[in-house]
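Chemist: Chain residues, written in single-letter form:
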Amino acid sequence: MILTILAATPIAGALILALLPRGRTDHLRAKVVALGVALITLALSLVVLARYEPTSGGYQMTEEHSWIEAFGAHYSVGVNGIAITLILLTTILVPIVILASFDDRLPDPRGTNAYFAWMLAVEGLAIGAFAATDAFLFYILFEATLIPLYFLIGSFGGPNRSYAAVKFLIYNLVGGLLMLAAIVGLYVVSSRQGDASFLLTDLQDLEFSQTTERLLFLGFMAAFAIKAPLWPLHTWLPDAAGQATPGTSVLMVSVVDKIGTFGMITWCLNLFPEAADWASPVIITLAVVSIVYGALLAIGQDDIRRLIAFTSVSHFGFIILGIFAFTTTSMAGSTLYMFNHGLSTAALFLVTGVMISRRGSARIDDFGGVQKIAPILSGVFLIAGLSSLSLPGLAPFVSEFLVLAGTFTVSIPAAAVATLGIVLAALYILIMYQRTMTGPLAPGAEGVTELRPREIAALTPAIMLIIGLGFFPQPVLNAINPAVETVVSHIGKTDPTPKTPTPIDAPAAEEGGH
Amino acid sequence: MLDLQWLLIAIPLASGALLLVWGKESDRFGHLIGTAASAASFVLGAIMFAELLGENAEERSHAVSLFTWIDAGRFHVEMTFVFDQLSALFVLLITGVGTLIHVYSIGYMAHDERRRRFFAFLNIFIAAMLTLVLAGDYLVLFLGWEGVGLASYLLIGFWQHKPSAAAAAKKAFVVNRVGDLGMALAIMLMFAQFGTSAIEAVNAAAPGATDTVTTSLGLLLLLGACGKSAQVPLQSWLLDAMEGPTPVSALIHAATMVTAGVYLVVRSNAIFDASEVARNAVIVVGLVTLLAGAWIGCAKDDIKKALAGSTMSQIGYMMLAAGLGPAGYAFAIFHLITHGFFKANMFLGAGSVMHGMDDDVDMRHYGGLRSMMPVTFATFGLGYLAIIGVPPFAGFWSKDKIIEAAFGQNFWVGLGALLGAGVTAFYMTRLMIMTFLSEKRWREEVHPHESPRVMTWPLIALAALSAVGGILLLGDWVSEWLEPVVGHAEHHELAVPAIVLTLIITLVVAVGVVAAVVFYRREPIAAETPSSVSIFARAGRHELYGNELNEAVVVRPTRHLTRFLVWLDGKGIDGFVTGVADRLGDTSQFLRKPQTGLVRSYALTMFGGVAIIILCLLAVTLA
Chain A
27 MILTILAATP IAGALILALL PRGRTDHLRA KVVALGVALI TLALSLVVLA RYEPTSGGYQ
87 MTEEHSWIEA FGAHYSVGVN GIAITLILLT TILVPIVILA SFDDRLPDPR GTNAYFAWML
147 AVEGLAIGAF AATDAFLFYI LFEATLIPLY FLIGSFGGPN RSYAAVKFLI YNLVGGLLML
207 AAIVGLYVVS SRQGDASFLL TDLQDLEFSQ TTERLLFLGF MAAFAIKAPL WPLHTWLPDA
267 AGQATPGTSV LMVSVVDKIG TFGMITWCLN LFPEAADWAS PVIITLAVVS IVYGALLAIG
327 QDDIRRLIAF TSVSHFGFII LGIFAFTTTS MAGSTLYMFN HGLSTAALFL VTGVMISRRG
387 SARIDDFGGV QKIAPILSGV FLIAGLSSLS LPGLAPFVSE FLVLAGTFTV SIPAAAVATL
447 GIVLAALYIL IMYQRTMTGP LAPGAEGVTE LRPREIAALT PAIMLIIGLG FFPQPVLNAI
507 NPAVETVVSH IGKTDPTPKT PTPIDAPAAE EGGH
Chain B
25 MLDLQWLLIA IPLASGALLL VWGKESDRFG HLIGTAASAA SFVLGAIMFA ELLGENAEER
85 SHAVSLFTWI DAGRFHVEMT FVFDQLSALF VLLITGVGTL IHVYSIGYMA HDERRRRFFA
145 FLNIFIAAML TLVLAGDYLV LFLGWEGVGL ASYLLIGFWQ HKPSAAAAAK KAFVVNRVGD
205 LGMALAIMLM FAQFGTSAIE AVNAAAPGAT DTVTTSLGLL LLLGACGKSA QVPLQSWLLD
265 AMEGPTPVSA LIHAATMVTA GVYLVVRSNA IFDASEVARN AVIVVGLVTL LAGAWIGCAK
325 DDIKKALAGS TMSQIGYMML AAGLGPAGYA FAIFHLITHG FFKANMFLGA GSVMHGMDDD
385 VDMRHYGGLR SMMPVTFATF GLGYLAIIGV PPFAGFWSKD KIIEAAFGQN FWVGLGALLG
445 AGVTAFYMTR LMIMTFLSEK RWREEVHPHE SPRVMTWPLI ALAALSAVGG ILLLGDWVSE
505 WLEPVVGHAE HHELAVPAIV LTLIITLVVA VGVVAAVVFY RREPIAAETP SSVSIFARAG
565 RHELYGNELN EAVVVRPTRH LTRFLVWLDG KGIDGFVTGV ADRLGDTSQF LRKPQTGLVR
625 SYALTMFGGV AIIILCLLAV TLA
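From first to last, the protein sequence lines stand for chains A and B.
For what it's worth, the working numbering labels the leading residue of the first sequence as 27, then goes sequentially.
For what it's worth, the working numbering labels the leading residue of the second sequence as 25, then goes sequentially.
Same shape as in the complex, but just chain B:
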């Protein structure tokens, strides 16, 4: 079965294509086909994973080449798919969480007349995401990379009649293309330098390359990762992307696609191992995004945007871990998986809340939903405990490890990561209070209710995973499992014993929780967004002015340049051409004038000409 990885991709791809071309008659059952396709992929993935478990650690990488994709000149790319320890974990995450979200969407999108198309796009996303993680060549990875970008574009803009959704979809695609610029150049550099873009071959060649090459490769790949994973400075699209239907936010913009950047760094570990500059850049990007995302998460009243800020921040943790090199790769992937569980859980929970609140996303109109939506509340609560890192829930294990490793690298980096943990506890507690606890601030016409079973069952499953996901770490299972792929992790000696650090982290988290409780329970929460707030809150609400910065630095200058060039093209270049044509016409008109048809004027001209020739001859001979 271990050479069937192509089938993992083919099933959802075929289903997606079928749903797109099948006519209206499939509206009644299209969503079931889509869900079944995702589930079939999951079952196959699980069987393959079980087989992989039974093999020796060194023999767990299975590559299958389907056909030659491109062969021209020296350039050669095989359509290769590799099922190994790293891609196997992703396959389970993508198809597992993906299937739960398919099921949830059956209920969430029940009243949408274009539900069949929604499932087609979800299926295409699953296929593209699997291509991304199974690819054995960077160009095949790029195929999946752009494929998920397309699916993301289609799904953010799924409600195209809303101008805001269409604009957000375009923005996501364009900002990602800036990252793709880095990816594309990195692949070209690999080709020029190593003569191949096969992932295994590139990783084997990287240690032999010069520092300039590995650093350039690392930074270019990081640019790509920043785009896809919404890391500073290419973060601005993610919050806008919340315009998409909530299952999309859960699947694509929380659990899977946005973590592709982390996957890319970990998969390219030999390149980053060879370049300290590139690793440090990854750490800086991760740390800055971690804090920026948390800051934004504290200030947003829109529940989805608050969660999106949190996603940025959590991916910042993963990036940070990946930047630590072999010491952090496994923890990055571990946190990626637990985050996939609890963030998908909370996004779907938010969707469930919105479902009951007539699609209102403003938390200031929520409050007291605990009793109206008990299942949503309970499952969301488990996700909450997991993300803030309360032991023994999943996030505690994974985040603890990252902070520990960060302190092993550098005190200040560790401190930043620790601070982030406190802020995370603050904004998540704020979200819980504003939504489920506190007094009700519902609009009059709203009648909150629990969501149907088809939506709550996936919540329960994900909540269970959020609770127990940490057991993956038992006996350092993740680190050992991934070791053949990412290399051996050396443990840094810490200044204090690990248990003390764990206590400190837990204490910081507790401070964050208490601060939020004090802050938001002290007085009733206003049902309108207060306007007189601190400069910090205002900056957070404006997403730290990232959009304004892009507007000023990139968008407006490009617009002016374009306008200028349009003017130049018409007046300058084409003006020159038409000008030449006009002058030719004028000259012809002028030359026509002497052609009077009068013999005496011709005779006079001849006489003048002869006279000039004689004068010239005289001048030459006399000189």
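Chain A extracted, bound-state conformation:
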């Protein structure tokens, strides 16, 4: 029950907010209610975490009810180490986002209730998608996240918001349709081999012909590759992020896009292991292209929000690379990367959101010398930026290095080209920092004042986690490892062994680590 309650709480909160009478002037009541609901959800997720036993692995706190018997759909939820990591990411980020969005200047202030209600709706649906262990339920929730995001972009974004929202919606619907076709295909295969079922455990036992498996895999993969933008299916993201409010961008990139990479592991690899293996060379290539391409495009942007969107294209490339390298090291790295990227991108979008809102422009050239008048703001911006370029000591480094080190054991060229990303990342972050923060104060940038206490309160948890997980990633990895090992052995892969193992009894040689 606890998972259902966890997902239902923000949905209920969204409904309450929608029914709440509009405030007259400052809409404070709606904001406080939204924050309260998000904090209750966070508390509930910590209860889930406390009940979760990382050592035993597998799906826990499961719940299963027959839903639509006609085609074997179940309401079935449960969490393994990967799902709980991403649920925690969601419940941690949403209160941060809501607190940071208190002063967002909306096109129509009367929409404040709806703005925060849609945010809570995203949270509930995302938690549901991460917890779903039935393919049909997952599909419904995965697609349902489009609705609140469509309204968040289309109603509350910048001047070009309608175009960006429609593009976002159509792009993602196309992927969703292909996945729907694959869902129907699954039903056909499943009903021919006994009673139709969409349960993950049942689907894993299905026998596919080679062609069927590949086609169904591609249907799922297309939807996920658009969502977690994989080159060349990424072009909706910069437009959407360029128009959305910072809070919406965080929900979109840090949370909802993770359903894409999460889906690749949980659905693509578990259901279609052989097809995934067959497609992996192409996907690895596209992932490496994403890494380099996203980074180069980020260097060339003039708009801060589009720049961050392209850095995410690069980072998603790392995540997908680690998944399809099929080693426990790289896949654990990818899962951790999803969490860390969520944090670092959130910090980056939110702190630049403050700058952009005060300056009234997102153009990099409209800033300059801000460090002088807003040292705390620039310090937070620098830490968020350094985490984006994977500086050791900050959380994303650990995950990025795990991805690269794991990939290196199976493909040296892929790892070597991907490693170029660390040089390019330094360029896109430090050029942006140099142009916005250093030098003499740019005319017009005088209004970019220091962070206010509420903004500091919103950003501090993210920054603390980014630093803390840089040195102590192990609590998260302990949860991830068993789940990832299950997936890797399910697809029939074993990690390559060292060619000339060290004669010294190093810790790595010990069974099970420590």
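If you are wondering where the hints come from, they were derived from the structure by calculation, not from laboratory data.
Incorrect hints may have been included.
Capping the alpha-carbon separation at 25 Å, the derived lysine-lysine pairs in BS3-like fashion look like this [what the hints assert, rightly or not]:
no. : chain 1 : residue 1 : chain 2 : residue 2
1   : B       : K464      : B       : K617
2   : A       : K398      : B       : K48
3   : A       : K398      : B       : K186
Stretch by stretch, here's where chain B covers chain A in the computed footprint (C-beta under 8 Å, at least three residues) [unchecked claim]:
no. : region
4   : 201-214
5   : 295-305
6   : 357-370
7   : 487-500
Please read all numbers here as calculations on a predicted model, not as lab measurements.
Virtual Cβ for every residue (Gly too), placed ideally from N, Cα, C.
Starting from the known structure of chain A, arrange chain B on it as the hints suggest.
Modeler: What follows is chain B alone, placed relative to chain A:
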């Protein structure tokens, strides 16, 4: 006490963090906290060193694992710190020189409103540098490696309002990242090959690996070393880095951080022992940088940049020595330590001069400062004697050994190193003459004066170390001390007795000094940089066109590629997507046209359709 190495790091780290988050009220005493933290680390390090001295040679390596940093799949990294003979020397150098520079900075940065933050960054640097040298795992070393890079970035760009400082900081970080590429790949290769990145385990496994593996590892580590130690071809950031406050140049860009590359090679000695190709590459890099740095040092009028060229060159000596294998490792470290003394001494001396000259760095505006700044002059003079290698000062002992070992390896390598010694004497003499001797060429508004005591005391301490640092070599102490870490050094037989070689080296140095005296005392030094100079001087001033080369080969092509890709992304990829959407719209418009709502047109269409079907059926049956 020998398991307290984590505390060496924790003290300055905690102090740095405290100074960053503590508010304005700590402005009055923040610098004292920072200095005390560095000093506490030094005292602890000295006690630990004394304890280490009392132990048997074989038992002097003390590893402590604090916690498991990363454990995922096969990848396992412990947060291990090793206090052994090699790291102990570095701990003393880093915290010792570091503390003196903290003290000096109290005076140097007295009028800077962000002094507290400066000390926070210095503390973070000390912590990161200690992490680098104490690390028991290459990934932990990489943590320190990037940590010092961050501190370097923050401190080069400390005066961020100057666009040149901000640009230099970024350049240093980015060029270093190119080196980090090598480091990162080396660690991945270790993991794939040996299943671990623990330094001891990797060094134990290296002799059993194939040549391809050890050579690749050696070259990748060398790439990392080139970035951090400003060796050719990744040297271009160091001269720009002089934009940072002078204590930073002394601590980070002369005495400690830039020598990390040498440390890396020496620490990875088993890998380099196993690969002759990698060793030779180290020698070539060292030799080329040694000469290039000296060349640049001869041509620069900016006192800090002249010294920076000299730093490049001296690190080239260390690299060269490290590339000689067991014959040179100990000498590389020995020269690294003496260089840490005398170069920190001279950089702080240059800072003292700048302090008295209203932050002017152009030596053509100096001259005759000997009498105005007697303490600075005297201490700088000792550093000068040490670096050019006048007996019995520190540099004489350490450089002499390297040149000797280089001749033992190969005549031409030795000759290059010998030539470098002569050029060193030339450019340092030029610097002394232009700054302290010769006639005064001060700007009118400048009133040179000696620096306050808080700045001169560190100078005196470092000058004393520059003078007597050579005693470390007494009875081959350094070589024996480091032997358990770097292996036994076999002595090459030289064609001539060592004493003759020493005389030759001293003679070459004397020639360099005399040449500079003749050249710069012959006629008064111009207060403006002369424009009509030889092609050699011009190349030196342009840092041998390294920046122009980078610009042409890397920066401009990347910029063009980026622009092209931005265009392609909008017009090509997204253009295709929006194009499909537009075509769909057009098609819909087209398909809409027949839907006229007129029954007669629908009837006509039906008739046409039936006719086509019948024709097709006929065609099939008749065929």
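Chemist: For every hint, state whether the structure bears it out.
Modeler: Cross-check of the supplied hints:
no. : hint               : verdict
1   : B/K464 with B/K617 : violated (92 Å)
2   : A/K398 with B/K48  : holds (15 Å)
3   : A/K398 with B/K186 : holds (11 Å)
4   : 201-214            : violated (count 0)
5   : 295-305            : violated (count 0)
6   : 357-370            : holds (count 4)
7   : 487-500            : holds (count 4)
Hint check: violations occur at hints 1, 4, 5; the rest are consistent with the structure.
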